[in-house]
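Engineer: Sequence:
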Amino acid sequence: FLDKHQCLPVEATEQNKTLAHCQVVIKDLINKNIRKNNVLVAVGGGIIQDITAFIS
Numbered sequence: 107f108l109d110k111h112q113c114l115p116v117e118a119t120e121q122n123k124t125l126a127h128c129q130v131v132i133k134d135l136i137n138k139n140i141r142k143n144n145v146l147v148a149v150g151g152g153i154i155q156d157i158t159a160f161i162s
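Take any residue in the sequence shown, count from 1 to its spot, add 106: that is its number in my numbering.
Simulated from the structure, these hints should not be mistaken for lab results.
Careful: at least some of the hints might be erroneous.
[Stated by the list, open to error] No more than 25 Å apart at the CA atoms, straight line, and that leaves these computed lysine to any residue pairs for SDA-like:
id	residue 1	residue 2
1	Lys142	Cys128
2	Lys110	Gln121
3	Lys133	Gly151
Using the sequences and the accompanying hints, generate a full structural model.
Structural biologist: The structure is reproduced here in structure tokens:
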């Protein structure tokens with residue numbers, strides 16, 4: 107699955123649950139040509155799910 111889709115690793119730390127870090131992730135998604143009609147899949151625990159839900 108992962109080898110056929112674009113991946114954007116995010117370190118699961120409380121320090122990354124900030125607006126500033128979410129802006130970095132959003133910029134990375136834009137640079138990978140990911141748009142609002144694409145699907146984001148969070149693989150991980152609560153922190154990763156929180157970040158993914160917020161930026162989606």
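Engineer: Would you pick out the hints that fail for this structure and give their numbers low to high?
Structural biologist: 2
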